[in-house]
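Visitor: Could you put the whole structure together from the sequences, leaning on the hints where they help?
Protein chains: 2
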Amino acid sequence: MADVHFDRVALIGIGLIGSSIARDIKALGLANEIVVSTRSPETLKRAEELQLGSHYTTSAAEAVQGADLVIVSVPVGASGTVAEQIAAHLKPGAIVTDVGSTKASVIAQMTPHMPPGVHFIPGHPLAGTEKSGPDAGFTGLFQGRWCIFTPLPDTDGEALSRLKAFWEALGSRVDEMDPEHHDKVLAIVSHLPHIIAYNIVGTADDLETVTESEVIKYSASGFRDFTRLAASDPTMWRDVCLHNKDAILEMLARFSEDLAYLQRAIRWGEGDKLFDLFARTRAVRRSIIEAGQDVDTPDFGRHSLDKKP
Amino acid sequence: MADVHFDRVALIGIGLIGSSIARDIKALGLANEIVVSTRSPETLKRAEELQLGSHYTTSAAEAVQGADLVIVSVPVGASGTVAEQIAAHLKPGAIVTDVGSTKASVIAQMTPHMPPGVHFIPGHPLAGTEKSGPDAGFTGLFQGRWCIFTPLPDTDGEALSRLKAFWEALGSRVDEMDPEHHDKVLAIVSHLPHIIAYNIVGTADDLETVTESEVIKYSASGFRDFTRLAASDPTMWRDVCLHNKDAILEMLARFSEDLAYLQRAIRWGEGDKLFDLFARTRAVRRSIIEAGQDVDTPDFGRHSLDKKP
Chain A
1 MADVHFDRVA LIGIGLIGSS IARDIKALGL ANEIVVSTRS PETLKRAEEL QLGSHYTTSA
61 AEAVQGADLV IVSVPVGASG TVAEQIAAHL KPGAIVTDVG STKASVIAQM TPHMPPGVHF
121 IPGHPLAGTE KSGPDAGFTG LFQGRWCIFT PLPDTDGEAL SRLKAFWEAL GSRVDEMDPE
181 HHDKVLAIVS HLPHIIAYNI VGTADDLETV TESEVIKYSA SGFRDFTRLA ASDPTMWRDV
241 CLHNKDAILE MLARFSEDLA YLQRAIRWGE GDKLFDLFAR TRAVRRSIIE AGQDVDTPDF
301 GRHSLDKKP
Chain B
1 MADVHFDRVA LIGIGLIGSS IARDIKALGL ANEIVVSTRS PETLKRAEEL QLGSHYTTSA
61 AEAVQGADLV IVSVPVGASG TVAEQIAAHL KPGAIVTDVG STKASVIAQM TPHMPPGVHF
121 IPGHPLAGTE KSGPDAGFTG LFQGRWCIFT PLPDTDGEAL SRLKAFWEAL GSRVDEMDPE
181 HHDKVLAIVS HLPHIIAYNI VGTADDLETV TESEVIKYSA SGFRDFTRLA ASDPTMWRDV
241 CLHNKDAILE MLARFSEDLA YLQRAIRWGE GDKLFDLFAR TRAVRRSIIE AGQDVDTPDF
301 GRHSLDKKP
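As you go down the protein sequences, you meet chains A and B in turn. Residue 1 is where the first sequence starts when you use this note's numbering, and the numbers rise one by one after that. Residue 1 is where the second sequence starts when you use this note's numbering, and the numbers rise one by one after that.
Any given hint could turn out to be false.
Unchecked claim - Computed spacing ranges between beta-carbons, pair by pair:
id, chain 1, residue 1, chain 2, residue 2, range
1, A, Ser40, B, Asp205, 39 to 45 Å
2, A, Gly157, B, Lys273, 41 to 47 Å
3, A, Arg267, B, Arg280, 27 to 33 Å
4, B, Gly292, A, Gly157, 50 to 56 Å
5, B, Gly292, A, Thr58, 35 to 41 Å
6, A, Leu50, B, Gly29, 51 to 57 Å
7, B, Arg173, A, Ser161, 56 to 62 Å
8, B, Gln143, A, Pro112, 30 to 36 Å
9, B, Arg280, A, Ala283, 15 to 21 Å
10, A, Leu50, B, His5, 52 to 58 Å
These are calculated hints, taken from the structure and not from any lab test. Heads up, the beta-carbon is just placed ideally off N, CA and C, and yes, glycines get one too.
Guide: Shown next, in the form of structure tokens:
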């Protein structure tokens, strides 16, 4: 089995994902030293208060010096800048990976800066919540979640095995895909849902005939399910939209086409068409529960968590 | 305080809502007798096995005889038929109410059949889960949830107070609205979200480039949130679409317009527009949590429920 212990790990970016990685590394003893780096002095201070690492710096270049594993957890639009900053300071033989939600763009941004002898292996842990920042992270975030790698043609097999073993130690299930396919899959399972959620919450917020307080008061009848995704980090999601444009536009076109069909069925009172669609989507939910990808408890199990007035 | 105890309650329809009402009435001792009625012999048999009532019949006409309170919990498209069937058998002075998700249509369907001396008071408890059928109901479903009444101009004040007190005994918070406004509010907080959820799950199910098994496997990255609503009862939702057509079409038009704007911003790389929308929707989520209409636990609190592999 590959060695999952690293002497020094550098975390560039210490938000929800970065700080969860830091917590897991500490809890599992996977590194001797954890260098935490973020551009924002306030966030860095908070990371230090939370004792997420052993060293702290606002300089990514400084952070990566002597690191055996570098994990870049920044909004995907910042990947190129980070790669440029760290390039000259990377230790020969170091593994550099990222956690970005789009892969072709991150590869295009980072690869040109990577010096020979450094193993750049793009990755994407499919984990997170609607919260963001170093306080939002927690131990076990990656437990049972997928981590997809999109290795480059010249990726070193041993380095890849080591990185996979590291993520498995964090509880992840690992998978491999080519970057373009990853971007298409994520466009439908993650990017489109977030965009649609942001959009519907925006639409509701703009109504004149129904007040915002009514929308909030009665949100439990369906709307609230969308507000969770629509509360996700705006910078991260702006960057995802800008950096997976083609796949997202394709999915949006299909979604809108299907919605027009449904809208027409409603206008013309075509109950059979509506029933057929509404009946077949049930099966998808069932498969997701059977695959262990969601809880089977009704209403996401909220009922037991709801505050009784 | 109004008397919340009834001698005989007739439940027409015994799905998720009807069976939850039955369970609460029994648990709280709110009636001497509960007559359970549903068209389907299989469902009736199941209701009897679950001991949801004291009498069981497939005839709605028979069920309402001698009942002081009649609660119609059927898909809204069946409201007229039920009203016609029960009309001649209602006890003078009885309160007849419903739980339908659209109110103008239910009123138009039921009112013409209601005999003088019977109090017809349309109602709508905003409660439920994605499950359906008599097994899906549970005690406490209405706890802390809103129940909206849309009384008619000639509604008897005393009967309304009694019905409100009954729902309050079930834990509901009660509210009043005119039927047209109810239908607009529900179109945005409930009907549009369900339609969008059904649509996106349908779109994902139809892709050729991404397999269904990939959609399911990676659904935790956003998509799964939609599958819950899209697993709701198809008959109920077909009827909602057909019976709140105008308000739904208006909301769909606004949603599509907003989505086209967002799509254009993605195509032209207008990051600021995307950021502005993504940042303001966060505030809506915050308000919903502050209003006690959703749990604040990240990821709907699923993490603690997730099966660890």
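Visitor: Hints first: check each against the structure and report whether it holds.
Guide: We went through each hint and held it up to the structure:
Look at A/Ser40 against B/Asp205: about 42 Å separates their beta carbons, and that is inside 39 to 45 Å. Range check, A/Gly157 to B/Lys273: Cβ separation about 44 Å, and the 41 to 47 Å hint holds. Here the CB-CB span from A/Arg267 to B/Arg280 is close to 31 Å, well matched to the stated 27 to 33 Å. Remark: the range hint 50 to 56 Å for B/Gly292 to A/Gly157 is upheld by a beta-carbon distance near 53 Å.
The supplied range of 35 to 41 Å is met by B/Gly292 and A/Thr58, whose beta-carbon atoms lie about 40 Å from each other. With their beta carbons about 52 Å apart, A/Leu50 and B/Gly29 fall inside the hinted range of 51 to 57 Å. Restraint check, B/Arg173 to A/Ser161: a C-beta distance of roughly 57 Å satisfies the suggested window 56 to 62 Å. A beta carbon spacing of about 58 Å between B/Gln143 and A/Pro112 contradicts the range 30 to 36 Å that was offered as a hint.
Distance hint for B/Arg280 and A/Ala283: a CB-CB separation of about 36 Å, inconsistent with the stated range 15 to 21 Å. The given range of 52 to 58 Å is respected by A/Leu50 and B/His5, whose C-beta atoms sit roughly 56 Å from each other.
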